[in-house]
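Residue strings, one per chain:
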Amino acid sequence: MAELNNLMDLDGAVAAFEFSDSGELVSHQLADGCDMNEQTLDMLSHVCVANLSIATMQARGWESLTGMGGFYPIGGFTLMGMDWSAVVQGTKGVVLENNKADYEAAYQALAE
Amino acid sequence: MSVISNLMEMPGMVAAGEFSFRGDRYTYQGNMSEEMARMASIMCRSTSMGTHMEADMLGTFCTQDCGLVPGKGWAVRGPAFSVCVVHNVFCFMDNTKADFNKVLHYMHDELAHSSDDLI
Amino acid sequence: MIKRLLAVDGVQVVAQFRDDGQLVEGYGMMDENGLNMLVSFAHDYKRLTQANADQLSMFTQVNGWTPPRGWIVRGAQMTVCSIGNLVCLVDDSEASLNEVLKELDDLSHY
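Chains as they are written, first to last, in this note's numbering: chain A, 1 to 112; chain B, 1001 to 1119; chain C, 2001 to 2110.
Treat the hints as calculated values from the structure; they're not laboratory data. Among the hints, erroneous ones may be present.
Restraint-style ranges between C-beta atoms, simulated for each label pair [unchecked claim]:
(1) A:Ser53 / C:Gly2084: 39 to 45 angstroms
(2) A:Glu24 / C:Thr2066: 31 to 37 angstroms
(3) A:Glu24 / C:Pro2067: 20 to 26 angstroms
(4) A:Lys100 / C:Thr2060: 24 to 30 angstroms
(5) C:Arg2004 / A:Glu104: 54 to 60 angstroms
(6) A:Asp11 / B:Asp1056: 25 to 31 angstroms
(7) B:Asp1116 / C:Glu2032: 22 to 28 angstroms
(8) A:Ala31 / C:Arg2004: 30 to 36 angstroms
(9) C:Met2037 / B:Ser1114: 37 to 43 angstroms
Calculated cross-link-like contacts (lysine-lysine; reagent style DSS-like; alpha-carbon spacing at most 27 angstroms) [said to hold, decoys possible]:
(10) A:Lys100 / B:Lys1102
(11) A:Lys100 / B:Lys1097
(12) C:Lys2102 / C:Lys2003
Glycine included, C-beta positions come from ideal geometry on N, C-alpha and C.
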């Protein structure tokens, strides 16, 4: 599993975080001076877990109705804001600045 | 060319389309049946409304300017395919052929300044 | 009219919102800012519930879920429930949810 240190090495990383299966924040790291806090990251973790569940429900429904596979199991979820994106996979995630974000690299780092 | 046409020019794009937040209108291009596109637009609209609300909630926890607010879009990644939505435009892409970075950055650049009203 | 919901045991707040999520009126133990946040949440949650019900019908091919009439989120001490464009906040220890929902349903038709 990815280490938070490695995630913070990604270009434009604002925060790296780990959460439980039910979405509670377990640990985190923040870049100096970023406008994030533990409470926000805990909320963000819950948002990510909720959306991974929704996406899993949709993937199951879609695959069984259309016969088009390749969506389940859901590997990762990304939330794009105006200036930042949160990329999560499994129980870890990283918040990246959009203008520097390398999403492929983030998924790769999260999978390591 | 429209954003959807431009997306369809990108390698690995399976289908791309647009949905409305109210009602069930949608348009699309690509390798997908009419019924699949209808389902895709219902699913994408649903998740987008959720992420929009969640980002607003996140905004109440951030101390000043939180770059995740307002919510602009989302993406999910399966083993073979990924789905990305920004504002009301969705696309389905083949992971082995598509450039995920290029697609997400293009969609964000083109659509992130659209109105936040979910109409 | 909706004020009469406050007479039901356990109901602490009741509010009505427009289709665009704006507060129409609200009563009970909550200030204006709280009421605005409550109806904003209720409006968003109503649309999400509708979207989820659409998907449930779509995936199961079973009708009857749509359009959803309302939703309930039950917490350890408090419950939020909504029917139509009405939402109320209920203290679990004092309320009969059945009674609250019946009154909410009646009022939502006005």
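Each hint, compared with the structure:
The hint said 39 to 45 angstroms for the Cβ distance between A:Ser53 and C:Gly2084, and at roughly 28 angstroms that hint is violated. At roughly 33 angstroms, the beta-carbon separation of A:Glu24 and C:Thr2066 lies within the given 31 to 37 angstroms, and the hint holds. Look at A:Glu24 against C:Pro2067: about 34 angstroms separates their beta carbons, and that is not inside 20 to 26 angstroms. A beta carbon spacing of about 43 angstroms between A:Lys100 and C:Thr2060 contradicts the range 24 to 30 angstroms that was offered as a hint.
Between C:Arg2004 and A:Glu104 the beta carbons are some 58 angstroms apart, a value that agrees with the proposed interval 54 to 60 angstroms. Taking 25 to 31 angstroms as the suggested C-beta distance range, the pair A:Asp11 and B:Asp1056 conforms, at roughly 28 angstroms. For the pair B:Asp1116 and C:Glu2032, the beta carbons lie near 23 angstroms from each other, so the given range of 22 to 28 angstroms is met. In this structure the hint that A:Ala31 and C:Arg2004 lie 30 to 36 angstroms apart at CB is violated, the actual value being about 53 angstroms.
Hint check: C:Met2037 to B:Ser1114, Cβ distance near 25 angstroms, so the stated range 37 to 43 angstroms is violated. Of the supplied pair hints, the one linking A:Lys100 and B:Lys1102 holds, its CA atoms being roughly 12 angstroms apart against a limit of 27 angstroms. Among the hinted pairs, A:Lys100 with B:Lys1097 is consistent with the structure: their alpha-carbon atoms are about 22 angstroms apart, no more than 27 angstroms. For a cut-off of 27 angstroms, the pair hint linking C:Lys2102 to C:Lys2003 stands: about 15 angstroms separates their Cα positions.
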